[in-house]
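These protein sequence lines are chains B, S and Z, in that order.
Under the working numbering, the first residue of the first sequence is numbered 1067, with each subsequent residue one higher.
Under the working numbering, the first residue of the second sequence is numbered 1067, with each subsequent residue one higher.
Under the working numbering, the first residue of the third sequence is numbered 1067, with each subsequent residue one higher.
Just so you know, these hints were derived from the structure itself, not from any lab.
Beta carbons are placed, not taken as given, at the ideal position from N, Cα and C, and that holds for glycine.
Fair warning: there could be bad hints in the mix.
[As the list claims (entries may be wrong)] Covered stretches of chain Z (in silico footprint by chain S; criterion: 3 or more residues with CB under 8 Å from a CB of chain S, positions within the stretch not fixed):
{"id": "1", "segment": "1265 to 1272"}
{"id": "2", "segment": "1337 to 1346"}
[To be verified] Just the calculated beta-carbon pair ranges, DEER-fashion:
{"id": "3", "chain 1": "B", "residue 1": "ASN1131", "chain 2": "Z", "residue 2": "ARG1293", "range": "49 to 59 Å"}
{"id": "4", "chain 1": "S", "residue 1": "HIS1201", "chain 2": "B", "residue 2": "LYS1115", "range": "27 to 37 Å"}
{"id": "5", "chain 1": "S", "residue 1": "ASN1384", "chain 2": "Z", "residue 2": "ARG1120", "range": "28 to 38 Å"}
{"id": "6", "chain 1": "S", "residue 1": "THR1289", "chain 2": "B", "residue 2": "ARG1120", "range": "51 to 61 Å"}
{"id": "7", "chain 1": "S", "residue 1": "PRO1200", "chain 2": "Z", "residue 2": "ALA1354", "range": "15 to 25 Å"}
{"id": "8", "chain 1": "S", "residue 1": "GLU1318", "chain 2": "B", "residue 2": "LEU1167", "range": "20 to 30 Å"}
{"id": "9", "chain 1": "S", "residue 1": "ASN1385", "chain 2": "Z", "residue 2": "GLU1290", "range": "47 to 57 Å"}
{"id": "10", "chain 1": "B", "residue 1": "PRO1274", "chain 2": "Z", "residue 2": "ASN1384", "range": "25 to 35 Å"}
[Claimed, not checked] Chain B stretches covered by chain S per the calculated footprint, using a threshold of three residues with CB under 8 Å from any CB of chain S:
{"id": "11", "segment": "1145 to 1154"}
{"id": "12", "segment": "1223 to 1234"}
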Amino acid sequence: MLSRRNPQLNSHGELIHLLSIEGLPRAVVTHILDTAGTFLSVNDREVKKVPLLRGKSVFNLFFENSTRTRTTFEIAAKRLSADVINLDIARSSAAKGESLLDTIANLSAMHADMFVVRHGESGAPYLIAQHCAPHVHVVNAGDGRHAHPTQGLLDMYTIRHYKQDFTKLTVAIVGDIVHSRVARSDIHALTTLGVPEIRAVGPKTLVPGDLREMGVRVCHDMTEGIRGADVIIMLRLQHERMSGAMLPSAGEFFKNYGLTPEKLALAAPDAIVMHPGPINRGVEIHSAVADGTQSVILPQVTFGIAVRMAVMSIIAGNNA
Amino acid sequence: MLSRRNPQLNSHGELIHLLSIEGLPRAVVTHILDTAGTFLSVNDREVKKVPLLRGKSVFNLFFENSTRTRTTFEIAAKRLSADVINLDIARSSAAKGESLLDTIANLSAMHADMFVVRHGESGAPYLIAQHCAPHVHVVNAGDGRHAHPTQGLLDMYTIRHYKQDFTKLTVAIVGDIVHSRVARSDIHALTTLGVPEIRAVGPKTLVPGDLREMGVRVCHDMTEGIRGADVIIMLRLQHERMSGAMLPSAGEFFKNYGLTPEKLALAAPDAIVMHPGPINRGVEIHSAVADGTQSVILPQVTFGIAVRMAVMSIIAGNNA
Amino acid sequence: MLSRRNPQLNSHGELIHLLSIEGLPRAVVTHILDTAGTFLSVNDREVKKVPLLRGKSVFNLFFENSTRTRTTFEIAAKRLSADVINLDIARSSAAKGESLLDTIANLSAMHADMFVVRHGESGAPYLIAQHCAPHVHVVNAGDGRHAHPTQGLLDMYTIRHYKQDFTKLTVAIVGDIVHSRVARSDIHALTTLGVPEIRAVGPKTLVPGDLREMGVRVCHDMTEGIRGADVIIMLRLQHERMSGAMLPSAGEFFKNYGLTPEKLALAAPDAIVMHPGPINRGVEIHSAVADGTQSVILPQVTFGIAVRMAVMSIIAGNNA
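With the hints as extra help, turn the sequences into a complete structure.
Right, here's the structure in full:
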C-alpha cells in the first residue's frame, strides 16, 4: 500500500505529517519552500502574525531537551495564532511509567491538533503518527540519529535564497556526519532537489565509507572536500564525542577540519557558510568565518521560523 | 452563616469557587454538566475557541506536580481565551520562605482572576478562597486526600453521557479508595445525583469499613463488588503504595482486584469502564479491558476539557 | 558621542531600552509614570487587555531565577497582547557553552522584539543592548547589584500616588543597602525626581559611608533614620547574608532595624511603608506593620504591572 510506504502523505499526495525528507516528492519540498517565502515579508523580512492556526492546539513533546529548537517551533506556532502547550515530559506521566502511545492517546483525546516531537530514539515520530487520531498532525523535530527534517528544509531555503539553482552546486557537509540527523536530512533534501555533487568531509571515525551508497562523495581530507564548494555546511561537534575514542581532541579536530579563513579560501569565491547552531567557536569554526561576510548562519535562524510556519500551516490544512 | 458553611456559593447560591463536590446542590452540579455539553460541538465533538475569559488571567498554582492535570486546565483556559500563567512553585517565592497567604496576596495584587490550585495538604484551596480578593475565583485541582472535584464532575459527565439516568445505576469504584481524592469526589457526586448503589471494592487496607457511613457498600471481594455493575471506576494504584505494608505486591493486587475480561463479564453486559489515568496496564487493569469496547477512558479525557471549561466560565461569571 | 553615554535613548532623546534609572532625564521618568497611570482603569484599577504589542515577541531571559519578577513581566506583556516566550536558560544553549552574545544574536534572528533580562552580572543588559539588532529592545529586570529599574519606577509610581509632590519628601531606605539593586535604583530615581532628603539606614556592614557621595544621608541608628520620614522603603534581607559575618543574626537585625509599630510611630503620622517583596515577617518587618493601614506593599505589586506595561509599550514604540 502506498500510504504504508509514505505515511507523511494522504491519498492525494498531500503532506499530513513531516517525519523525514526521505521519500518526499520534489514538488512537496518546493511547495514548502515557496510557502515559507510568503511568510517573510518584503520589509526587513519581518514575520507577521497570521490567523492560520487560530484555535488549534500545538503540543511540544520534547522527550530530549532542546530549548533552542523548541523555541523556534513555539514562535512559529504563535505567529500562526495557535495555542502552544509545552509539556515537561521529564516530569509528566511518561515518568510515571505511562507508555508513549498511552501518553499520545491521552493528548489526542484533549483535542490536540499537532504534535511537535523530539525523541532520542529514531522512528518515535513515525510510531506516533501511525497511532494518533486522524485529525492530529505530527512534525518530527529530531529523532535519534535519523532525521531533522525542518532543519534540512531551512537549509534548503537558505541555499535557494543565496544560490537559486540547485542543479549546478557543489555542497560540502563537514564534521560529525555519522551521528548527525541534520546531515542525513540535508543529504536527502539536496539529492531530491538535484544537487549534482554532495561531499561528506571528516575523519574516518565520523564519516563512514558507506555514505557513498547515498550518492555522496566521501572526503577524509578537508582540502579536497572543500575545494571549489559553493555551499559549506559545518556540523556541530558534540562535546561528548570529543573526549571519547572517536576523536583525539577538540584542538586536533579544529586543526584538521575546523573552518578557518585559509581553508574557506579554497572554496568558490562566493561560497556561503552554514551551521545548524549552536556553534563551537574554535572547535569546528573560526570566529572570523562565523562572523564573516560569507556566513549565513543567522539568516538560517530567521528562515527557520518561516519554514516551520510553512510546514505547520501546510499539514494543518490537509486531511488524512 | 450560610456563606461560611458553603464558601463555594455566593448569597444567591451561585458557584464562585469550585472546592469540593460535597455540599454542592444537585442543580449546580447539573448546570455544570449541561454547560460542559455546550462546549462539545456536534461535529466530532471538536472544542472551539470562545472569548468567555478574554483578558482574564488564570494562574496555575501546582504545589504538587501534575503535568497531565495542569495541561488539561491550561488547554481549557486557553480555549476560553484566557491568559494562562504557569507558576513554577518549587522555584518561586514559596521556596524563599514566603507563606502561602502572602504568595496568594501578591498574585491577587497582580490582578489574577482565577487560581487553579493543586496542593498536597487537604484544605489548602479553602484557605486560599477564604483569603483572596473578592474578584478572584479558586478551582481545586486536587488537595491531599480530600477532593478532586473536576475529576468527579468529568466522571459524572461521562456516566450521564453513556447511561443518562443516574437513579437506576450500580457504580463500583475499585482499588485504593482510602488514599483517593478521586474516589471521595466521585462518591459525593454520585450520592448528590441520586445513584442508589455505590460500591467501594478493594482490600481491607485500602477500603476501610467506615466508608459505610458515606452510604457506600464496602466489598472486599471483587466478584461480589463488580457483579451486575453498570459503571466500573478503576482507580490508579500509586507505585509508592505497592512496596509498602499495605499491599503484598502488584502481581497479587492484579490477581485479586485487577480488571480482566473475565471479571468484567460479571458486570452488566453494557457496563462501562472508567479510569482517571494514567493507567497501570497489568496492575489495576488488563490491556484488553483498557483498550476494549467497554472502555470510556479516552472519552473521559475529552469530556474533562469541556467540564473544566464549564467550571471556569461559570465561576468567572458570578460575583462574590 | 551622546548615544554612547546614554545607550537607553535614541538621537531624539526617546527611550529605546530601559537599562538603569541613572542618567534618565526627569521628563522620561515622568512620562513612564504618566503612561502607567493610563493602564490603571478607574473601576477597581482593573488592567484591561490592550493590543499595543500585538504580534510582538517578548523573550524572558532570566539567567538568574526569579519566578515573581518573571511573572510580572509575563502578565504585563500578555496584557499588551504580546507573545511571550520564557526561555529556560539553565537548560538552553547557554548551558552547551554558547556565549551570551551568540545566544542573543540567535534569538534576534528569530525576530525577537524585546528581551527582558535578569542576570547575575552587573552590566549584562547593557552588553545585550549594545549588540542586538536595531529593532530589538532590552529591559533590565535586575543585573547583579547594579540596577532594577522597573522596581525603582514602580516605587516612584507608588510614592507619587500617595504623596503627589516629591520635592518635600523625606524618604528612608532601610536594610541591606550595599547588596541591593533596588536601593540603588530608588536612590537614582528619588534624586532625579527632586526628593530633598534620602536616608540610607542600616548597620555599617550593610550601609557603607561612601553612599554619601550619592547625596544620601547615612544613618546607622534606626531612630535617627526613621524620624519624621514620609516614606519608608524596607529592603528584603537575603537569607544568605544572615549566616555570614555581616550580621550577627536575624533576631539581632530585627531588634535594631526591623520595622515595628513602635518604630513606625517615629515617622510622619501619614508615612507609607513600602517593600519590594517577598517580605520576611519578623526579620525586616513586623506583621502588624506589613498588614497595617500604612502599608502599601500590595498596591506596589498592582502598580508594578502597570509600570511594566508602560515601559514595554513606550520602548516598543520608539526606533533606535
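Evaluated hints:
Only when three residues or more bring their CB closer than 8 Å to a CB of chain S does the claim for the segment 1265 to 1272 of chain Z stand; here the count is 0, and the claim is violated. Here the segment 1337 to 1346 of chain Z counts 4 residues with a CB under 8 Å from a CB of chain S, which clears the bar of 3, and the coverage holds. The hinted window of 49 to 59 Å between B:ASN1131 and Z:ARG1293 holds, with their beta carbons roughly 56 Å apart. Between S:HIS1201 and B:LYS1115 the beta carbon distance is about 30 Å. The supplied range of 27 to 37 Å therefore holds.
Under the hint 28 to 38 Å, the C-beta atoms of S:ASN1384 and Z:ARG1120, about 30 Å apart, fit the expected range. In this structure the hint that S:THR1289 and B:ARG1120 lie 51 to 61 Å apart at CB holds, the actual value being about 53 Å. The hinted range of 15 to 25 Å is satisfied by S:PRO1200 and Z:ALA1354, whose Cβ atoms lie roughly 24 Å apart. Here the CB-CB span from S:GLU1318 to B:LEU1167 is close to 27 Å, well matched to the stated 20 to 30 Å.
The hinted window of 47 to 57 Å between S:ASN1385 and Z:GLU1290 holds, with their beta carbons roughly 49 Å apart. Evaluation of the 25 to 35 Å hint for B:PRO1274 and Z:ASN1384 yields a failure: the beta carbon distance comes to about 55 Å. Note: the segment 1145 to 1154 of chain B has 4 residues with beta-carbon separation from chain S under 8 Å; the three-residue rule is met and the coverage holds. For the segment 1223 to 1234 of chain B, the stated coverage by chain S is violated: 0 residues have a C-beta nearer than 8 Å to a C-beta of that chain, whereas at least 3 were required.
Hint check: violations occur at hints 1, 10, 12; the rest are consistent with the structure.
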